[in-house]
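Please work from the sequences and hints to get the whole structure.
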Amino acid sequence: MAEEEVTGTEQAQAPQQQFVMQRVYLRDLSFESPAAPEVFRQEWKPKMNVDLNTKSNLVSGNDYEVVLTITVTATVDEKTAFLIEVHQAGIFLIQGIEGDDLRRILATVCPNMLFPYVRETIDSIAVKGTFPALMLAPVNFDALFQQAVQQAQAKAAEAGGEESESKH
Numbered sequence: 002m003a004e005e006e007v008t009g010t011e012q013a014q015a016p017q018q019q020f021v022m023q024r025v026y027l028r029d030l031s032f033e034s035p036a037a038p039e040v041f042r043q044e045w046k047p048k049m050n051v052d053l054n055t056k057s058n059l060v061s062g063n064d065y066e067v068v069l070t071i072t073v074t075a076t077v078d079e080k081t082a083f084l085i086e087v088h089q090a091g092i093f094l095i096q097g098i099e100g101d102d103l104r105r106i107l108a109t110v111c112p113n114m115l116f117p118y119v120r121e122t123i124d125s126i127a128v129k130g131t132f133p134a135l136m137l138a139p140v141n142f143d144a145l146f147q148q149a150v151q152q153a154q155a156k157a158a159e160a161g162g163e164e165s166e167s168k169h
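Residue numbers for the sequence shown, in the working numbering: 2 to 169.
Treat the hints as calculated values from the structure; they're not laboratory data.
Fair warning: there could be bad hints in the mix.
Once the Cα atoms are required to be at most 30 Å apart in a straight line, the calculated DSSO-like pairs of lysine-lysine come out as [said to hold, decoys possible]:
#: 1; residue 1: K129; residue 2: K46
#: 2; residue 1: K46; residue 2: K80
#: 3; residue 1: K156; residue 2: K56
#: 4; residue 1: K129; residue 2: K48
#: 5; residue 1: K80; residue 2: K156
#: 6; residue 1: K129; residue 2: K56
Derived DEER-like restraints, expressed as beta-carbon distance ranges [stated by the list, open to error]:
#: 7; residue 1: Q152; residue 2: D29; range: 23 to 31 Å
#: 8; residue 1: G97; residue 2: P133; range: 41 to 49 Å
#: 9; residue 1: R104; residue 2: V25; range: 15 to 23 Å
#: 10; residue 1: G97; residue 2: K46; range: 26 to 34 Å
#: 11; residue 1: K129; residue 2: Q18; range: 14 to 22 Å
#: 12; residue 1: A144; residue 2: T72; range: 17 to 25 Å
#: 13; residue 1: T72; residue 2: N141; range: 13 to 21 Å
#: 14; residue 1: K80; residue 2: R104; range: 37 to 45 Å
Quick reminder that beta carbons are idealized off the backbone N, C-alpha and C, glycines included.
Take a look at the structure:
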């Protein structure tokens, strides 16, 4: 079996893929307990609402900032017991990856890496507000991304259908 030699020119032409988390940081944090102290005198059976959002932007070169925002609202008897909002961010070096693959990484891999940090922050803040510990359930960012892609495709198909109908 003969070995093939790869020249420096061939190596330079092959796109080098690189993915590195460079920094994780807390971008914004908010805690409110508007029903205190009355909320502490009631039986603790809250309704929890969790909203999640991600956004990303190119910072410079191949560095992308991804921000995972989670808002948790606990209500007891229609009163807001607490509201916690965390913007957990990270800077990621992403090189040699483009198009759909880049969008998928920014919407799934990066938020998956940020989620444990935001989860711990939310739990810690709830406890510091003297509420019971709050452990958020894992999030399937891949499924959320796929759902968003399907919704965008359906919306585009619907817009295309409306366009062709109006031209007749």
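Hint check:
1. K129 to K46: holds, 19 Å
2. K46 to K80: holds, 12 Å
3. K156 to K56: holds, 20 Å
4. K129 to K48: Given pair K129, K48 holds - Cα atoms ~19 Å apart, limit 30 Å.
5. K80 to K156: Violated, at roughly 37 Å.
6. K129 to K56: Between K129 and K56 the Cα gap is close to 28 Å, so the pair holds against 30 Å.
7. Q152 to D29: 23 to 31 Å: holds, 27 Å
8. G97 to P133: 41 to 49 Å: With a Cβ separation near 46 Å, G97 and P133 satisfy 41 to 49 Å, so the hint holds.
9. R104 to V25: 15 to 23 Å: holds, 21 Å
10. G97 to K46: 26 to 34 Å: Given about 51 Å between the Cβ atoms, the range is violated.
11. K129 to Q18: 14 to 22 Å: Violated, at about 41 Å.
12. A144 to T72: 17 to 25 Å: holds, 20 Å
13. T72 to N141: 13 to 21 Å: holds, 19 Å
14. K80 to R104: 37 to 45 Å: holds, 40 Å
Violation of the numbered hints given earlier is confined to hints 5, 10 and 11; the remaining hints are satisfied by the structure.
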